[in-house]
Each structure stands twice: as C-alpha cells, then as structure tokens.
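Fit chain to chain and form the complex, with the hints in mind.
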Amino acid sequence: MSKVRVLVGTRKGAFVLTADGARKRWKVSGPHFAGWEIYHVKGSPVDPNRIYASQTSGWFGQIIQRSDDGGKKWSTPGSSPEELKSPDGMPKGESNKFVYDGIPGTHQWYDGTQHPWEFKRVWHLEPSLHDAEHVYAGVEDAALFESKDGGKSWTELSGLRKHDTGPKWQPGAGGMCLHTILLDPQDRQRMYIAISAAGAFRTDDGGTTWKPINHGLHSQYIPDPNAEVGHCVHRVAMHRSRPNTLFMQKHWDVMRSDDSGDSWREVSGNLPSDFGFPIDVHAHEPETIYVVPIKSDSEHYPPSSRLRVYRSRTGGNEWEALTKGLPQRNCYVNVLRDAMSVDSLDPCGIYFGTTGGQVYASPDAGDNWKPIVRDLPAVLSVEVQTLP
Amino acid sequence: MIRVVLPPHLRTLARVDGDVELDVNSCVTQRSVLDELEARYPMLRGTMRDHVTQLRRPLVRFFACGEDLSHESPDAPLPEAIAKGSEPFVIIGAIAGG
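The listed protein sequences correspond, in order, to chains A and B.
Numbering follows the working numbering, with no gaps: position 59 of the first sequence is 59.
Just add 388 to the spot in the second sequence (first one is 1) and you have the working numbering.
Among the clues, some could well be false.
If you only want the chain A side, here are some residues facing chain B, beta carbon under 10 Å, derived [to be verified]:
| no. | residue |
| --- | --- |
| 1 | Met1 |
| 2 | Ser2 |
| 3 | Ala34 |
| 4 | Asn49 |
| 5 | Ser75 |
| 6 | Thr76 |
| 7 | Ser79 |
| 8 | Ser95 |
Computed footprint of chain A on chain B; a stretch qualifies when at least three of its residues, placed anywhere within it, have a C-beta under 8 Å from a C-beta of chain A [claimed, not checked]:
| no. | region |
| --- | --- |
| 9 | 395-402 |
| 10 | 429-438 |
Hints are computed from structural coordinates only; laboratory data are not their basis.
Just so it is clear, CB atoms sit at the ideal spot from N, CA and C, and this is done for glycine as well.
Looking at chain B on its own, in the form it has when it is part of the complex (with noise of 0.2 Å):
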C-alpha cells in the first residue's frame, strides 16, 4: 500500500481527507504512483503534470523520505519505504508568488 499525501487544494479538488493510499501493481516510480493516482481520482489529470507531455507542472514538488525527488526521472524506482508505505510520497505546491 502507498500512502500519499496531498497539497490541500487537490486534497479538496479530489474530495479526500488525510492520506490517499494506493496499491500499485508494477514496480513503484514516480510515474506508476501518479498513473494509479490520476485513474482513481480523474479529476486530479492535468494538475500535477502536463497531459500531453506528462511533465511536472514547474510549481508542483515531489519529497520522499525526507529528499526533494522533483528533478529524478520519473521512471526511477522510487526508496523501499515508500513503496512499504512506511513513508509517503509527498505531493507540494511550491512555496512562490511573494
């Protein structure tokens, strides 16, 4: 089971409280975890990352055990305890805008 959590505007956006957890069947990345995410809540497509290209929108971060993963390739295995679900993966809004 993966835990993640949630920026509190896709938390409301998705209508969910707390952590989200997930099972992913394939080897778990930071692409497997956002492909489970966004099929289960659809309405979570396009936020994160671009439709069409699948990249990270540029105010949208993605921590993991204490690590800032935002710039790893999205197909790289993500830690152990993440996919435990010992630690979350960590979906941020950027801290910007003055």
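Isolated chain A, as found in the complex (with noise of 0.2 Å):
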C-alpha cells in the first residue's frame, strides 16, 4: 500500500508527518534541528530518501543537512566522521558555503539607492528531477546555487543575478528571496525561478542566460505597473504533464500563462480576495488549482476570518471555496509561500501549514480537511513524498 511523508519546516525545527495511503492515522517525528528556522524541506524525486533541508539561524547563518534515509538520521554534507577518516584529506565544510559569483555587485534597497548583494539564507531547495546528487538553492539576496555533489558544494548559476536587471530588483517586506524554482520535466534545458519582488524568470539554456517573464504582470503599487522587473511574485506552479501552463499567485492577482510565461492574464475571477501566498496544481487534473486567499498585505489572514482554500477546476477565473474542517470564525493565520503541496495518490491529498502550527490535510481534492498536527511552530514550508 502506498504511503505518504509530509515534510514540515518550521520556525523552530523540522517535523516529519508519515501515514500509509489513507491517510487517516499520521505518525509525527521531530522538531528536528529543533530551535533553527528551517525554511524548506523536500525529497529527490529520483530517490525518495535523500532529502534536502534548508538550516537557518540569526546567530548562526546558514547550514544545509541531508538525509539519506527518508528523514530518520541527518547529516551537514562532507562533514560527517566516515569522512574525516576518508584517504581523501580533511573534508572542506562547504555544505553552507554560499558566494556569489565575481564581484557581487549591488541592487535596489527599499530606499532606493544601490544595496551590495548579501548572501542571508536558503529560502528553497530544488531537487533534480534527474539526479539524486544534483539539487537548486534559491536563496535570499536573489540568487540561484547548484549542487552536483548532493549538498557538499555549491556553485552560482550567476547569469540569473547578472541580467541587466539586476540593479533595480528590489527586496520584499520578507526580503529578496528567490522562492519558486520550477524544473521543465519535458526540458532540461528549461526551468523557472521567481523572485520577490523582481518577478519571474526563465531559462532555455540550463541556466547560463535568463529572460524576465512577466508581460501581463500589473502591479499598482511600482512606479511603472507594468514593468519589466519589480513585481512581487509570491509563488509560480506548473503541472508536470504541462510545463508550458503556469499558475502564479502574485502579491495582488491569481494569473496564468500558456507559453511558457512569456505572456500572462489574470484568472482570479470570484476570489474573496486575490491576495495570498500559495498555489498548487491538482496532481491528476492539470486544470484543477488551488489557493489560499488572504485579506490584504497589510492584514494576513483569512478574510472574514474563514480559513478556505479556493479550488478552480477550470484553470482559474471560477472558484469554490473549500470549508469542511476548517476553521470558519476567529481565524486569524497565514500560509506561506511554500506551505502548500499535493500527493499523487487518487483521489489526490492536499496539504497546507499555517502561522499557527497547523498543518491540514485533504485526502479527497480538498473537499474535506483535517489537521495532522495543530500546535507545530509556524509553518514555513509543506512538501509531500508519495511512498510505493
């Protein structure tokens, strides 16, 4: 029978949520890491058990651990005992070693004057959906780093932060963080990243040279609504059986693109509100989308208090609000950027965490949801493992 692990990143730790394909009856393990922000947990796709987390902390920067074993035992890559003692000399350390590529070079500040690149956290680990040793950090100020050697070393794919664009991204109020790293299953050669508040980005090469995708994009509160860069992309998702379809929640508007980003519209139709932070695909129905609306950037949380998530079956523009088993008074908590995910059993279960330590899950589409887990730290991110 099939099984599913739910990955939790927290404010203050890592919690690992595992139940077998009914999930009914979940088994919950951790905080690991306990008291660091771990800001995002997620699994190879070609071998389950490497898993990838994102360490952070004020007072000590930075720190990248690895699973190999679904999430039991964890290690900082090249840094374990077996390597010390390896014929291969003193193992370097590096697994957190984030540079910038040259000379970093500087960006917008919120004052509008030029802010030198600074490397601050890991905000999303990408893993390949090719190589289990291969995996993407998108990272906080704006930058994409690679790993080919499961975590122990990573590399800038600089030409991103070296667009001619670079000097006028701009940080959100969260920071300058790139949040969203989509890989194009049908194109290694393609991916797409986005950053908040620059936009969204595309490459056709693997990395060396990105394209800003964000025509369509209109955002009121930048000087030029419908600039180039500057827009404050919350999350981009894509169904794997069509990568040329995205679904972006932005800051303000739910939008859509069926080329690949080059040109977007605005599906956000009946939404009580069109703010948010999530978005994710249905796994089955690549037309099915889903998202949490929140009352304003300024108030985030639920409007009218109701915690529902908003289902369209038609790509976008009608929407049905999802309720049972959710909080429908006093609520008062977000969900994040990358606290949403889906599994891949049929019917498809959809998870999300909130500010308040819940993390839900509905093993029917969303049509009907339960906590796993109700009092966890703030949630950060949510990713879900489907088991054989």
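In structure tokens form, the structure reads like this:
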C-alpha cells in the first residue's frame, strides 16, 4: 500500500509526518534541528530517501542538512566522521558556503539607493528530476545556486543575478528571496524561477542565460505598473504534464500563462481576495488549482476570519470555497508561499501549513480537511512525498 | 590542551557533549583555536565566522577569563590560562532578538 511522507519546515525545527495511503492516522516525528528556522525540506524525485533541508539562524547562519534514509538520520554533507577519516583528506565543510560569483554588485534597496548583494539564507531547495546528487538552491539575496555533489559544495548560476535588470531588483517585505524553482520535466534545459520583488524568469539553456517573463503582470504599487521587473511574485506552480502552462499567485492577482511565461492573464475571477501566497496544481487534473486567499498585504489573515482554500477546476476565474473541516470563525493565521503541496495518490491529497502551527490535510482533493497536527511552531514550508 | 565551550545549538550541530578539547600547536589565538575547531568539526565552518572574510558573525561572541574578547584582533595571543587549559575559551550566541 502506498505511503505519504509530509516534510514540514517551521520557525523552530523540522517535522516529518507519515501515514499510509488512507491518510487518516499520522505519525509525527521531530523536531529535527530544534530551535532553528527550517525554511524548506524537500526530497529527491529520483531517490525519495534523499532529502535536503535548509536550516538557518540569525546567530549561526546557514546550514544544509541531508538525509539518506527518509528523514531519520541527518548530516551536513561533506563533514561526517566517516569522511573525516577518508583518505581524501579533511572535508572542507563547505555545504553552507554560498558565495556569489565574481564581484556581487548591487541591487535596489528600500529607499531607492543601490545596496550590495549579501547572502542571508536558503529559501528553497529543488532536487533535480534526474540525479539525486544534483540540487538547486534559491537564496536571499536573490540568486540561484546548484550542487552536483549532494550538497557538499555550491556554485552560483550567476547569469540570473547578472541579468541587465539586476540593479533594479528590490526586496519585498520578507527580503529579496528567490523562492520558486520549477524544473521542466520535458526539457532539461528549461527552468523557471521567481523572486520577490523582481518577478519571474526563465532559462532555456540550463541556467546560463535568463529572460524576465512578466508581460501581463500589473502591479499598481510600483512606479511603472507594467514594468519588465519589480513585480512581487509570491509563487508559481506547474503541472508536470503541461510545463508550458504556469499558474502564479502574485502579491495581488492570481495569474495564468499558457506560453511558458511569455504572457500572463489574470484569473482571479470570483475569489474573495486575490492576495495570497501559495498556489498549487492537482496531481492528476492540470486545470484544477488551489489558492488560499488572504485579506490584504497589511492584514495577513483570511478574509472574514474564515480559513478557506479555493479550488478552480477550470484553470482559474471560477473558484469554489473549500471549508469542511477548516476553522470558519476567529481564524487569523496565514499560509506562506512554500506551505502547500499535493500528493500523487488517487484521489489527490492536498496539504498546507499555517503560521498558527496547524498542518491540514485533505485526502479527497480539498472536499474535506482535517488537521494532522495543530500546535507546531509557525509553518514555513510543506512538501509531500508519495511513496510506494 | 585548549578547552572550548560551544553554545548549545553548535554543540548539537557538532554532536558533542560538554566542552571540546583541542590541541593547538601554534600560538594560541582566536584564529588558531577556531581553525583547529573547524578542522575537527567541519560542520561548524561558517557558523561562527564568515567563510570568505573570516570575520566573526555579528551575534557570535568570544569570551575568555571573564572578558569579552570579541573585538580583539583574531591574531592576538589569548590569555595564558586559555593556552594552559585552566580556563575555557567560551563561544556564545549573543542574547538578542527581544
């Protein structure tokens, strides 16, 4: 029988939640890395027992953790006792060394002046679709790194940060983070990334050169609402069977592209608010998408204090509220951009975590919800692995 | 033998209990102690000082014999009591964050 493993990153550690295919009884393990901020935990699609985690602290900086046994044991790549004894000499301990390529240069600061690029943390880890040793990291200040040795060392794909528009990129309220990395399952050379607040970008040559893909985005809060860059994209999602169709939750507006991001159109339709953070796609229905509307950018909680996931079965514009099992009064939590995920069972399971520490699961594509856990630290990220 | 006291989070990261004991063969300074500590526990690299600049991370402090040496030169000799191991070199995470 299939199993599901939910990887949860929180403000104070990581948790691993497991259940069988019925998704009714859950086992909770953790906290792993207790007391540290865990921005993201994600498993390799090639080897599900290979899991990467971004562990970070305002005191001690960035740590990369790796598990090779499905999240039971963890280590910092390249610094294990076994490697210390190896004939290759002392390990370098560079799994947390994220150094920008060349002279870092500057980007736009909040006051409009130029500010040097400074590495702060890894927001998102995206394991390769083809090689468990290959993993990408989206970081703050916005840049894309990759490791081809299982996280032991990292190299910047600097063509992105060195794009002509780089000096115009500016941090959003949460920092200038590269938070979304989408790998095209049909084209190894193509990937998409998104940055708050620069926008979305695409490479068609494996990360050497990048193109802003923000035509059609309209952001009234920036000097030129239709600018090439400067849009606060919160999240982009794709269905693996249709990699040219992208869905975006922007700061305000839910958007859709059917031409690999070359143009976007708004599909917010009847949502009670088109502000929000996560967006995701049903595992088996590429036109079924999910968002969690949030009241506004200054009131980061659900409209009418009712926690509602909205589902569109038409790829946007027509949305239905999903409320069964979710709090429908006095609810003031947020759902962050990396805190929603889906499994690939049938029916598809949908999962999300809140800043109030709840992780909700729906085993029936959103019709009914139950909390798996209710009192974790604030949830930063949720990823789901469907296991045989 | 140099004794080093790590903050709890770094103790967990390095998987050590209690004080760390190190042999430092050169002049005992902040730099030589940290170099040896990082060689023994490579997972600590980058957590106390920057990988490239080698500057102390802002919220990490170094104490010895009751004195805050965080702003001393990393190449200044540490007190004899540290070099002899009668007092520990203490690394702490600053009390910060409100």
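Quick rundown of the hints versus the structure:
1. Met1: It is violated, given that the least Cβ distance between Met1(A) and chain B is near 36 Å, above 10 Å.
2. Ser2: violated, 34 Å
3. Ala34: holds, 8 Å
4. Asn49: violated, 21 Å
5. Ser75: Holds, because the Cβ-Cβ distance from Ser75(A) to chain B comes to roughly 8 Å (cut-off 10 Å).
6. Thr76: For Thr76(A), the interface hint holds, since the closest Cβ of chain B sits about 4 Å away, which is under 10 Å.
7. Ser79: At 4 Å from the nearest chain B Cβ, Ser79(A) passes the 10 Å test, so the hint holds.
8. Ser95: With a minimum Cβ separation of about 8 Å from chain B (threshold 10 Å), the hint on Ser95(A) holds.
9. 395-402: Since 5 is at least three, the answer is holds.
10. 429-438: holds (count 8)
Checked against the numbered hints given earlier, this structure breaks hints 1, 2, 4; the rest are met.
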